[in-house]
Each structure stands twice: as C-alpha cells, then as structure tokens.
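*Asks:* Take a look at the letters that make up each chain.
2 protein chains.
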Amino acid sequence: MPETLKDKAFLIQRIKEVNSLLCIGLDTAVSKLPISVHQDVLTFNKAIIDATREECIAYKPNFAFYEALGPKGWELLQHTIEYIGDQHLIIADAKRGDIGNTSAMYAKAIFDEMGCDAITVNPYMGEDCVSPFYKVGKWVIILALTSNQGSHDFQKQTLHNGSKLYQEVMQTTAAWGSANDTMYVLGATHPSEVEACRKTFPDHFFLIPGIGAQGGDLDAICEAGMNAEGGLLINASRSILYADSGVDFAKAAQKEASRMNALIRPHLQRVGLI
Amino acid sequence: MPETLKDKAFLIQRIKEVNSLLCIGLDTAVSKLPISVHQDVLTFNKAIIDATREECIAYKPNFAFYEALGPKGWELLQHTIEYIGDQHLIIADAKRGDIGNTSAMYAKAIFDEMGCDAITVNPYMGEDCVSPFYKVGKWVIILALTSNQGSHDFQKQTLHNGSKLYQEVMQTTAAWGSANDTMYVLGATHPSEVEACRKTFPDHFFLIPGIGAQGGDLDAICEAGMNAEGGLLINASRSILYADSGVDFAKAAQKEASRMNALIRPHLQRVGLI
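Sequence order for the protein chains is D and X.
Start counting the first sequence at 1; every next residue gets the next number (this note's numbering).
Start counting the second sequence at 1; every next residue gets the next number (this note's numbering).
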C-alpha cells in the first residue's frame, strides 16, 4: 500500500484545500466524555474525527490520556490513528527523548508500530537524543517555548551568551534537520516571542498549543507567527472535544473548529495562500 | 492488600540486606534475546529477575523497548512489573513530562495502572510539568546531567548567573520536593560533576546510568557519589542482560551483577553501612 508522503508540500496543499491551520488535539479523558458514548473512547474519537475531517489539517493524539488506561489504551490509540487515515498529519504528542538507542526504540514505536507522521520531542538530552527521530517522510517537533507557566522556569532562562535557553535550543537543533522535517513547539501564550522566532526562522512550521483552555489569543498568534506557506499548526484540544457534553457533542466540536477557522481564514488571505 | 511503602528507609534497609546499590535496567530488545527464549520477552525478563533478585535494589524497565512492540508491549511491561513484586524499587524509565493536566495522566499511567514506584521525569517544561508526579510513597527522578554525549548540548550550558543548566535544574527542583521523594539522574560519565553535586545535595539519592556499555567507571562513581546512606542507585542494563547469549544467559547476568556488587561492597563498608 503506497503511503501518502506528508511532507511540507502536502501540508501547504491541505491548508489551501481546507482553509485552515487547525490541529485538533485528541486529549480524550474518559471522565469528560458525554454520557451518550458510555465511556467508550473510540466511539467518541471516531465521532469527533468524522465531524471535523473537513475542518483541520492535523490530529494530535496526546499519548498520556491513552497510557492512563493501561495496555488497552494503546490499542484505543492505535485504532484511533488508523481511523484518521492519510489525509491529515498525525502528530504523536508523546514528548519523548532519551539516549540514542532508546530514542531509536521510541521512533520505532511511534512511527512503525503506531503509524504516526510526527512526534513531539523533548530536547533536554541533546543531539543523540533527538537525531534518531529523523526518518524519511517524518516530522520531528521539538519543544522550544511551551505554553505553560513552567516555561518560565528553565526555557526562558538567559544563557551566558545572552540567548534564552529556548532560543539556543532552536538555533542548535536547526542544524540537525531542516524546515522540511523539523517544527518547533511555541506556546500561544507567548505571542511576542513567536513573532521574534518567525523572523529568525522564516521557513519552519511552528506547532502552537495554548489556544482555548489555556487562554492564548488566536488572532494575535496568526498575526505574529504566519508566513507565506501558513507556517503554523494551531492546536486546540479541550475547547473542541468538550464543546458540548450532550448528544450533539460532535456537531458542537465541528462548530467550534469552524468558528476558529473563520478567524484563521482572513490571515490565510492576507498572506496570499487562499 | 497492603502495599510496601518504598521510601528512603526501605531503600537503605534493602541496601544493607543485599549489600548492593545496583539497579538493573530492563531494556529488553527482542533482537538481542538468546535463541533459547524464542523471542519471548516475558520469559527472558522473568529469568533475569529470578537470577538477580538477591543482587539488586531496584529494577528499571525502559518503556521505549516495550512501546516498540506496540500495544502488546505494554502488556509485557505490566506482567514484568507484577513479576518483580514488592521487594525492589520499580523505576519507570519513561522520561515523561508535559503540561499539568497531561503529566497528571502520565502519573496515573505509571503509578496507578502500571504499579511503578518511581518515574524518570524530564524537567524542561518546569514546575507544573514535574509536580503532578509527586504522590505519597512515590519517587520523582529528575533528569539533571545525563550520561550521553548530548548532555553537553544544553545541560552543560552556562547560565547568566554562572550556574550550568543542570545545576539550575537541581537547585530549582529541590524546592518542589525533598530528599525523601526526589532523586536526580547523573551520568556515570561525569564523575567530577557527581562529586560536586554530592557536596551540594548531601541527602538526595542519585540514579546513575552510564556504567557498562556506556563506559562509566563504577569505582570512581562510588568514590565520588556515595553518602552514609548509600545515596546511589547504580544502573546497568546491557552489560547484565546480555552478559551471555547462550542458554546460561540468566546465570551470566547474575554473575555480572555479582561482579559489580563485589566492587560496590568495599564502598558500603567504607561509609559504614555494612
């Protein structure tokens, strides 16, 4: 079966077709599911995916929520990923990273066993921790400046050379891959930093969490971070998944995604993509 | 069923009983198994555990090696952890860490679902990423200065205040827990840094990878890092698991562990523990 190569050209094509930069985070928590799905994670995920296929470019299953269900969680995750199919970038939000032989095993798990197209990687352990994730046709999405309060603890520390740690991470790791296989996680809660990173890294895609439940401003982040290729994957998880707790939860999810796309679309026009 | 509380007193008691500081890393790779176990990870793990129970304080399953087997890998991991029982500290070498609600899910996975006593945590995302792992009776083992070449890329960067990043990580995170629930990962490949960290952190246990396949010196690290409570969990994985590829692999593993313990024992005597 020929696999779709989900490279940068694929992303740009899909952005134009769907008129969206949206990534939907599948952080499916059993405790938050509508009563109507009877705690069935897979039924919920399939309904969300069916309702939002035409509203997003990427899906981002958050591995923690499936691991919390024990071994059966990994099966649910596998079935969810299979169900998404080959028209969306599938990002394993797994925040992995270890010494080389171990990162190679994580790469095998995420790409070969689970069939994801991309993985979020924690750069703290350096090059031999990150490099095993570079595989033909796959994306390495490196944590730079995350959306949470804790991003101030270390990521924003100033180094001896005057750079912030997250800037050093971006500068250093940029040499390990290219804008065709590397993205950076930059939180929507740091719009001015995103704007500065766009100037320094004109060609890289940024994965932007922190819109929605975490309070980031969608309009501000589009203004700050887009480039002529789109250049952003803007994630929303809870605000879409749990838009409504009734039987119409999937329709509500679609409406919330559509509402976000309506805010994104003028920016796609502004940069001349659509 | 009353669980054994695997606190610091438990560790010290076990160190005295077993005359060891050894942690055996269960990085079980199917491709490296002896022919005699017919690629059966669980058979191999059980044989290794049975042969080494009286030679170590802790077991450290490396999650990547099980995840690389897909969903069934998590079942093998769960059965392995159950088989270890309650006389050893069980460390999930999972290098997790994410925003608060996600780290809470990882904590549920590792502690509640998998029944581990400790987890290795990547501190890059800061306090709200680390704090959900603090649970009564559990250990949070924070990556400080890892054993790999990549530890030079960021961990050894000098900050504006003159500290190295790994030192800042240790100083900052020390306030989030105590020496009774927090350990630090310090690579055996950095003995002089381990010695300095022992002076700054006299009471914390350090988890020491990098002996064996990675080339760290066991004698030097005992000299540099021990305190009067032992204070170290010295990990070996490949050098023990794959000590022999024949039918006597488990006996060879036991002998290799015993050889390491013979090197550790004089240091336990030196600090007056035994």
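Mixed in with the good hints, there may be bad ones.
Restraint-style ranges between C-beta atoms, simulated for each label pair [to be verified]:
1) Ala262(X) - Thr43(D): 52 to 62 Å
2) Ser245(D) - Ala228(X): 27 to 37 Å
3) Glu195(X) - Gly162(D): 24 to 34 Å
4) Val271(D) - His152(X): 34 to 44 Å
5) Leu5(D) - Glu195(X): 24 to 34 Å
6) Ala175(X) - Ser31(D): 25 to 35 Å
Far from chain X by the CB rule (all over 10 Å, computed), these chain D residues [said to hold, decoys possible]:
7) Ala9
8) Asp40
9) Asp86
10) Ser103
11) Lys135
12) Gln155
Here are the simulated lysine to any residue pairs, SDA-like style, with alpha carbons at most 20 Å apart [to be verified]:
13) Lys156(D) - Gly100(X)
14) Lys156(D) - Gln171(X)
15) Lys156(D) - His160(X)
16) Lys108(D) - Val30(X)
17) Lys32(D) - Gly100(X)
18) Lys138(D) - Lys72(X)
19) Lys164(D) - Leu159(X)
20) Lys108(D) - Leu76(X)
21) Lys164(X) - Leu159(D)
22) Lys32(D) - Asn101(X)
23) Lys72(X) - Phe111(D)
24) Lys156(D) - Glu127(X)
25) Lys72(D) - Gly70(X)
26) Lys251(X) - Ala68(X)
27) Lys164(X) - Thr158(D)
28) Lys156(D) - Lys135(X)
29) Lys32(X) - Leu69(D)
30) Lys156(D) - Ser163(X)
31) Lys72(X) - Glu82(D)
32) Lys156(X) - Gln78(D)
33) Lys108(D) - Lys32(X)
34) Lys164(D) - Phe111(X)
35) Lys108(X) - Glu82(D)
36) Lys108(D) - Lys156(X)
37) Lys156(D) - Ala175(X)
38) Lys72(D) - Lys156(X)
39) Lys32(X) - Gln78(D)
40) Lys135(X) - Gly70(D)
Quick caveat, the hints were computed from the structure, so don't treat them as lab data.
Owing to the predicted nature of the structure, the values given are computational and were not obtained by experimental measurement.
Cβ coordinates follow ideal geometry from the N, Cα and C atoms, glycine included.
*Asks:* Given the hinted pair Lys32(X) and Leu69(D), is their Cα-Cα distance within 20 Å?
*Replies:* violated (30 Å)
*Asks:* In this structure, is the beta-carbon distance linking Ser245(D) and Ala228(X) contained in 27 to 37 Å?
*Replies:* About 56 Å separates the Cβ atoms of Ser245(D) and Ala228(X), which means 27 to 37 Å is violated.
*Asks:* Can the restraint linking Lys156(X) and Gln78(D) be considered satisfied, given a maximum Cα separation of 20 Å?
*Replies:* Distance of about 38 Å is beyond 20 Å: violated.
*Asks:* So if I understand the rule, the pair passes when the alpha-carbon distance is 20 Å or less; does Lys135(X) with Gly70(D) pass?
*Replies:* holds (18 Å)
*Asks:* So if I understand the rule, the pair passes when the alpha-carbon distance is 20 Å or less; does Lys32(D) with Asn101(X) pass?
*Replies:* holds (13 Å)
*Asks:* Is the nearest Cβ of chain X still more than 10 Å from the Cβ of Asp86(D)?
*Replies:* The assertion about Asp86(D) holds, with a minimum of 19 Å to chain X.
*Asks:* Should the label of Lys135(D) as a non-interface residue stand, given a Cβ cut-off of 10 Å to chain X?
*Replies:* At about 14 Å from chain X, Lys135(D) clears the 10 Å cut-off, so the statement holds.
*Asks:* Are Lys156(D) and Glu127(X) close enough, with their CA atoms no more than 20 Å apart?
*Replies:* Holds - the C-alpha atoms of Glu127(X) and Lys156(D) are around 13 Å apart, at most 20 Å.
*Asks:* Verify the proposed pairing of Lys108(X) with Glu82(D), using a straight-line Cα cut of 20 Å.
*Replies:* Status violated; Cα separation ~25 Å.
*Asks:* Check the hint pairing Lys164(X) with Leu159(D) against an upper bound of 20 Å on the C-alpha distance.
*Replies:* OK: Lys164(X) and Leu159(D) at ~9 Å, within 20 Å.
*Asks:* Between Glu195(X) and Gly162(D), does the C-beta distance stay in 24 to 34 Å?
*Replies:* Holds, at about 31 Å.
*Asks:* Keeping to a limit of 20 Å between CA atoms, is the pair of Lys164(D) and Leu159(X) held or broken?
*Replies:* holds (9 Å)
Hint violations for this structure: numbers 2, 5, 10, 12, 18, 26, 28, 29, 32, 34, 35, 36, 38 and 39, all remaining hints satisfied.
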